[in-house]
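Participant: Fit chain B to the known structure of chain A by using the hints.
Each chain, letter by letter, is given below.
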Amino acid sequence: MNEVANDVAYDVELDCQGMLCPLPILKTKKVIDTMEIGKILKMLSTDAGSMNDMNAWTNQTGNELIYSTQNDGLYTYFVRKT
Amino acid sequence: MSDKPQQRKLALVASKGTLDWAYPPFILASTAAAMGWEVGIFFTFYGLVLLKKDLNMKIDPASNPAMPMKMPFGPDGFKNIDWPMPNLLTSNVPGFQSVATSLMKKTFKSKGVATIGELREMCLDAGVHMVSCQMTQEVFGFKDEDFIDGIEHGGAATFLEFASDADVSLFV
Numbered sequence: 024m025n026e027v028a029n030d031v032a033y034d035v036e037l038d039c040q041g042m043l044c045p046l047p048i049l050k051t052k053k054v055i056d057t058m059e060i061g062k063i064l065k066m067l068s069t070d071a072g073s074m075n076d077m078n079a080w081t082n083q084t085g086n087e088l089i090y091s092t093q094n095d096g097l098y099t100y101f102v103r104k105t
Numbered sequence: 094m095s096d097k098p099q100q101r102k103l104a105l106v107a108s109k110g111t112l113d114w115a116y117p118p119f120i121l122a123s124t125a126a127a128m129g130w131e132v133g134i135f136f137t138f139y140g141l142v143l144l145k146k147d148l149n150m151k152i153d154p155a156s157n158p159a160m161p162m163k164m165p166f167g168p169d170g171f172k173n174i175d176w177p178m179p180n181l182l183t184s185n186v187p188g189f190q191s192v193a194t195s196l197m198k199k200t201f202k203s204k205g206v207a208t209i210g211e212l213r214e215m216c217l218d219a220g221v222h223m224v225s226c227q228m229t230q231e232v233f234g235f236k237d238e239d240f241i242d243g244i245e246h247g248g249a250a251t252f253l254e255f256a257s258d259a260d261v262s263l264f265v
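Keeping their order, the protein sequence lines are chains A and B.
Heads up: the first sequence begins at 24 in the numbering used here, then just goes up one per residue.
Heads up: the second sequence begins at 94 in the numbering used here, then just goes up one per residue.
Chain A extracted, bound-state conformation (with noise of 0.2 Å):
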């Protein structure tokens, strides 16, 4: 699973694990600000919660969610700026 997430490409890294709502998504938001549309996006988190609050957080702002994967606690998400 996670070379299937190595090889998606991606243009910003930003690595959010050990923390807790609502600091993922806040730092997700913050990042995405400063990128460029169409910039792909990988987060790293170890938030349980962190699958549906980006769904929705992507749902809401209109980013596209391209994957998203989880291996052994580890979320990985893939962002693109819309």
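Please note: incorrect hints may appear among the correct ones.
As the list claims (entries may be wrong) - As a list, the in silico DSS-like pairs of lysine-lysine whose alpha-carbon atoms are at most 25 Å apart:
| # | chain 1 | residue 1 | chain 2 | residue 2 |
| --- | --- | --- | --- | --- |
| 1 | A | 65 | A | 53 |
| 2 | B | 109 | B | 204 |
| 3 | B | 163 | A | 50 |
| 4 | A | 65 | B | 204 |
| 5 | B | 204 | A | 53 |
| 6 | B | 163 | B | 199 |
To be clear, the hints were calculated from the coordinates, so they are not data collected in a lab.
Facilitator: Only chain B this time, still in chain A's reference frame:
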């Protein structure tokens, strides 16, 4: 992101001034702002202390008997013990509140939770409207200079007008 046809709106009342209850309004407000929503928080009664420049909230285990009492340090087995704290102790032992507050702050930090000051700063950066309830401000004797800059003042009508077309309204 801004081409979404309609901006959603969150209206919150923050009425509690303890450390634990300071979290829900600031977590919801900062997250809604990060989703591109317009957000307003109306601070009333004990919630007013959340606007103070000098944040000094405490928790009150005596009035929250379900609060888990755990240690933020030591081996996992020790940290997982939920210490039984009879009301006799939580209400009468001098300094218990301060000790419990400091333990909860340590636990929040070690678990990767933002502080209230950080969350409030993020709300201000994101343009969250913060309104002090003028009536309770005067009843409790808080001065404008006790509070952070950038807040507004108003009463029930101010909140109701803001909330009248909100998508989500919550009283905390």
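Participant: Each of the hints needs a verdict: does it hold here or not?
Facilitator: Each hint, compared with the structure:
Distance hint between residue 65(A) and residue 53(A) is fulfilled; the C-alpha atoms sit about 13 Å from each other, no more than 25 Å. About 23 Å separates the Cα atoms of residue 109(B) and residue 204(B), which keeps this hinted pair within 25 Å; it holds. Of the supplied pair hints, the one linking residue 163(B) and residue 50(A) is violated, its CA atoms being roughly 29 Å apart against a limit of 25 Å. Taking the CA atoms of residue 65(A) and residue 204(B), the gap is near 23 Å; set against the 25 Å cutoff, the hint holds.
For the hint linking residue 204(B) to residue 53(A), the alpha-carbon distance of about 21 Å falls within 25 Å, and the restraint holds. As the CA atoms of residue 163(B) and residue 199(B) are separated by approximately 11 Å, the hinted pair is consistent with the 25 Å bound.
Hint violations for this structure: number 3 only, all remaining hints satisfied.
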